[in-house]
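Student: Fit chain B to the given chain A structure using the hints.
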Amino acid sequence: MQEEKQSNSLIKQILQTISDNSLVPFLAILTAVVVGGVIIAFVGGNPILAYRGLIEGSFGSTKALSETAVWATPYIFAGLAVALAFKGGLFNIGAEGQLAVGAVASSLIGYALPEWLGYDLPAIIHLPLAVLFGVLMGGLWAAIVGWLKAYTGGHEVINTIMMNYIALNTTSFLLNGVMKDRSPTNVIARTPLIADSARIPPIFDGLRVHWGFILALLVAFGIWWLLNKTTVGFQIRTVGLNPDAAKYAGINVKRIIILTMALSGMLAGLAGTIEVTGLNYRHELGFSIGYGYDAIAIALLGKSHPLGVVLSAFLFAAMRNGATRMQFLTQMPVDLISMIQAFILLFVAADAIVRYIYRIKSKGERVVLTRGWGG
Amino acid sequence: MDWKRFGFIALIIVVLFGTVVMIGQVKQPPVLIITSMLATTIAVATPLALGALSGVYCERAGVVNIGIEGMMLTSAFFGWLGAIYMYHIFKIPPSISIVLGVMFAILTGMLMALLHAALSITFKVDQIIGGTVINILAVGLTGFLNRQLFFGATSVFKGSVPSSPGVLPTIHVPLTEIFTSVCGTSASCLENLAAINRVFDQKPIAISAILLVFFSHYVLFNTRWGLRTRAVGEHPKAADTVGINVIKMRYANVLIGGMFAGLAGAYFTIESVPSFEPLLTNGRGFISLAAMIFGNWTPIGAWAASLVFGASQALLINMQIFRDVIPPQWSFLQESYIVGLTPYILTMFILTGIIGKTTPPAADGVPYEK
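Sequence lines, in order, name chains A and B.
Quick note on my numbering: the first sequence kicks off at 2 and runs consecutively.
Quick note on my numbering: the second sequence kicks off at 764 and runs consecutively.
Same shape as in the complex, but just chain A (with noise of 0.2 Å):
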């Protein structure tokens, strides 16, 4: 009895959290939505049309959810790696350079490990170690940054965008000479295919959405209970909300900049590398372009809530996924996607707007990132 009332409770919590905080964004996607269609209609095309287009290509069938999910799940990863960052107060830009870093870093486990070794390896063993040693290295590329944030000041984001370069011209050389793909017919830059043990199994027979996917769920959920129920989560929060603070409360504060730098990379690192292992079975260059704004533009959506970031990677990812059919019956070009995303970002980023626009008064919470700069 007393149990059931304690979850009917925390049912209750958790409505009133999502009603509380989706209400901005929600108005914000549909201002987006309506600004979009007003671009379209100005272009030539016909809104309803587009948008009829985008839901049936992400919503109409089995394969179509399928694919959705396929979609959301790099997305759930990467903006719970920019989530977490931002609960610590950091600005990772460069979740896109971790997820080529954990993409290429796995499929070198993936395809080259039993050539090493000489032998085939079981896929309880090989599966992990590949997906490990995808994290690992997207955890020590953010590390970096996380270090040179704590102990010289340099500024995180221009940093990150710069370790993202630095992530794409590695790959670049790597993908083009050592790990290119050797068989006769390839003229791109990509690995081999990797080995069948390292491969993450789809859930159902003859759709592509794989067991990443609930590991997507999985990893959310251990964020919100990272963040909210352990002491390391609430001293990244602390050192988020007031670094002089946290300092004087005798938490280290370079190590949990350097500890949330690295656990965003590791996130990062996550999607690249469950990309390659449940999806691609390779890693293409060029794949990862992109995903690092889309991550930002999540994980601003969802508000760095783990859950609000599921449903935001959701919302793109069906985007992404109907462009398609959007674009065989509108012939408007996928890019518009691209546009509308980018609208919703500025109208949630700026809330300011949306707040003016539907006259919704403000709770006086304000994200602070712009703290002092470089040297």
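Treat the hints with care, since some could be wrong.
[To be verified] Among the chain A residues that face chain B by a calculated CB cut under 8 Å, a handful are: (1) Tyr-294; (2) Ser-339; (3) Leu-347; (4) Ala-351.
[What the hints assert, rightly or not] Covered stretches of chain A (chain B as the covering partner; in silico rule of three or more C-beta atoms under 8 Å from a C-beta of chain B): (5) 147-158; (6) 164-174.
What the hints contain is simulated information worked out from the structure, not anything from laboratory work.
For every residue, glycine included, the Cβ atom is placed at its ideal position computed from N, Cα and C.
Tutor: Using the frame of chain A, we list chain B on its own:
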């Protein structure tokens, strides 16, 4: 801007130039290599210098502008698009279309800056998020229009990208002509003179960038406008008390910054090459922010820092030219992906503050509340 900093800049440039001279001397005389590298350095540093100036104006007035990258990208697109429309649709002669294209680019930069100003000054959005919004919007907007306007069903260009009216011409500084008499009949002297002359033969935006650097330095530190701008960025409350309109000053400076970013955008599609491709700015907006920081928020310092990045790009270009004469022990220099890392690693190195701490304007990034 202290001497240690300038010394570091000079050192890096000497090292980068020295590497190229060392490798290339079997193929070309050093004078030729150094002058051609100097010319390239100045040219490719142009968007960085202009971007850094954009940052200096914004941040001296207290507004962090991480959206320079996006402003450059949109300006590059609309400048190029404007020139094409003027030339193909309105049948305006190419030279005038190009100049109008530059105007469009500057205007676009201003409009994007207006959005940034509204977000960060009026709506008090966190300025780094506001700048990121600008960057993402720029990618979406240019990507969409670049396809829709040329390949869309209602496109006036009916599915093809028309040729742009061209690029801005090089302005010849007649050094050779003026100093011919100094050389007499010495052939090598004449050759050297011609080589040196090449450093000064730059295109209009590159030349105006250098002039604007010194002009901005004067404006910021020797005029009433500059004093007010700095006051608003250091201590807005005090500035407000003595009757300076903080909001107006900030808006004005962010808009000026946008014009500079717009001119930088014009460099890519109207001065450097006559074409546009998605994401063509390739992080140069962010590198110019690093140049601004390393230049300690002064125009001349920022320009000097952007020359370092220009030199590292000149290194990359020259390594391609001298590819076949790179000695085996330096073979990693053949890999453009590895040499291409130089500006990014330099940026991170500079940001560590090892070369000396910099101080941003005290109210940088803080919205003003009365």
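Student: Each hint needs a verdict: does it hold in this structure or not?
Tutor: Now the hints, each set against the structure:
{"no.": "1", "hint": "Tyr-294", "result": "holds (5 Å)"}
{"no.": "2", "hint": "Ser-339", "result": "holds (4 Å)"}
{"no.": "3", "hint": "Leu-347", "result": "holds (5 Å)"}
{"no.": "4", "hint": "Ala-351", "result": "holds (5 Å)"}
{"no.": "5", "hint": "147-158", "result": "holds (count 6)"}
{"no.": "6", "hint": "164-174", "result": "holds (count 8)"}
In the structure shown, no violation is registered for any of the earlier numbered hints.
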